[in-house]
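Number of protein chains: 2
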Amino acid sequence: MISGQDDAWYVGKRLATKIRDIKDFPKKGIIFRDITPLLQDADSFREAVSFIARHYRDKNISFVVSPEARGFILGAAIAYELGAGFIPVRKSGKLPYSSEKATYSLEYGEDEIQIHKDAIKKKDKVLIFDDLIATGGTAQATCKLVEKLGGEVTGVCFLVELTELKGKEKLSEYDVFTIIKY
Amino acid sequence: MISGQDDAWYVGKRLATKIRDIKDFPKKGIIFRDITPLLQDADSFREAVSFIARHYRDKNISFVVSPEARGFILGAAIAYELGAGFIPVRKSGKLPYSSEKATYSLEYGEDEIQIHKDAIKKKDKVLIFDDLIATGGTAQATCKLVEKLGGEVTGVCFLVELTELKGKEKLSEYDVFTIIKY
Chain A
10 MISGQDDAWY VGKRLATKIR DIKDFPKKGI IFRDITPLLQ DADSFREAVS FIARHYRDKN
70 ISFVVSPEAR GFILGAAIAY ELGAGFIPVR KSGKLPYSSE KATYSLEYGE DEIQIHKDAI
130 KKKDKVLIFD DLIATGGTAQ ATCKLVEKLG GEVTGVCFLV ELTELKGKEK LSEYDVFTII
190 KY
Chain B
10 MISGQDDAWY VGKRLATKIR DIKDFPKKGI IFRDITPLLQ DADSFREAVS FIARHYRDKN
70 ISFVVSPEAR GFILGAAIAY ELGAGFIPVR KSGKLPYSSE KATYSLEYGE DEIQIHKDAI
130 KKKDKVLIFD DLIATGGTAQ ATCKLVEKLG GEVTGVCFLV ELTELKGKEK LSEYDVFTII
190 KY
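Protein sequences appear in the order of chains A and B. Residues 10 to 191 (the numbering used here) are what the first sequence spells out, left to right. Residues 10 to 191 (the numbering used here) are what the second sequence spells out, left to right.
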């Protein structure tokens, strides 16, 4: 029997051929994993979305929540495929209505993200999706936002995981699913 | 016979009930048309995406191109529904690979957007989607970017049109389709 995560190994290997490595972006010493070739390849885009949606098909997900901006792309398509609503998490000052806030640490200092307070009701089942997990700060803050509003974080999913940065450790209380691992 | 644009009137009226008006955002005197209640309502989100995709179903669209960040949300889901690839247009400094640039005017000064140079090939049929057209500057610059790469702008679509700002006049050479009009 192939479990979801084993199945993901094969899909991940195939989708990884569509990720472009960019050296020294956004700064020296970093290898940036560019997902735009995957998004622009219709077959790979479709496979990524439908594979992830299939993983959560029987979980009664009401909302997919994704942080801006790259997370919106696959996150919204996954919401569509699941028949769920989509909720954006944004940087400060971008959401126009009453918002809940959470902060997370950066290399130097911290940053703040927000969600509309009326986006989620108590016990709503939420899938959090982002394109990539690095240190996990944004994802952890997104989980906090969903829980502050009373939502249940049913799953946290990333297309790409940078395993060396151990971001998953920050999300140990959640069910985390990643497809392409570096 | 109901034409695409007449049909859009009914769908637009229904979807408009899910748009939230926010007075004085982002600054005094502006009524911000907040689409987040529509996105988070699964039925409305699904109706908007499937209605727009249906309008372009027989046009052999290879790519949906959307400017960041809100444009990504419906744009990516429309690409998914059409079986097309998705190409993000981003502000300066966000795209990691070799990019084409275009500038557009703001109230004071100008701004620059970019697209990856290898995103589109000659004669590729492109649908440009953004959530809202105001003065049309971003959309016009996005059309220029697609054409610089040799792509054909098969259609330009917006969920919301602020008709008083006459942004469509900047796009007079293109086939423009809008759903909700103010």
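No lab work stands behind these hints: they were computed from the structure. Heads up, a few of these hints could be off.
Pairs involving identical chains hold if they fit within one copy or between any two copies, as the list cannot separate such chains.
Stated by the list, open to error - Each computed PhoX-like pair below joins lysine-lysine, with the alpha-carbon atoms no more than 20 Å apart:
(1) 27 to 130
(2) 153 to 175
(3) 134 to 100
(4) 37 to 103
If you're wondering where the values come from, they're calculated on a predicted model, not measured in any experiment.
These are the hints, each one checked on the structure:
1. 27 to 130: between (37 Å within a copy, 17 Å between copies)
2. 153 to 175: Answer is within; shortest intra-copy Cα gap is 19 Å, inter-copy 42 Å.
3. 134 to 100: This pair counts as neither: shortest intra-copy Cα distance 23 Å, inter-copy 33 Å.
4. 37 to 103: Between copies, since 15 Å is at most 20 Å while 30 Å is not.
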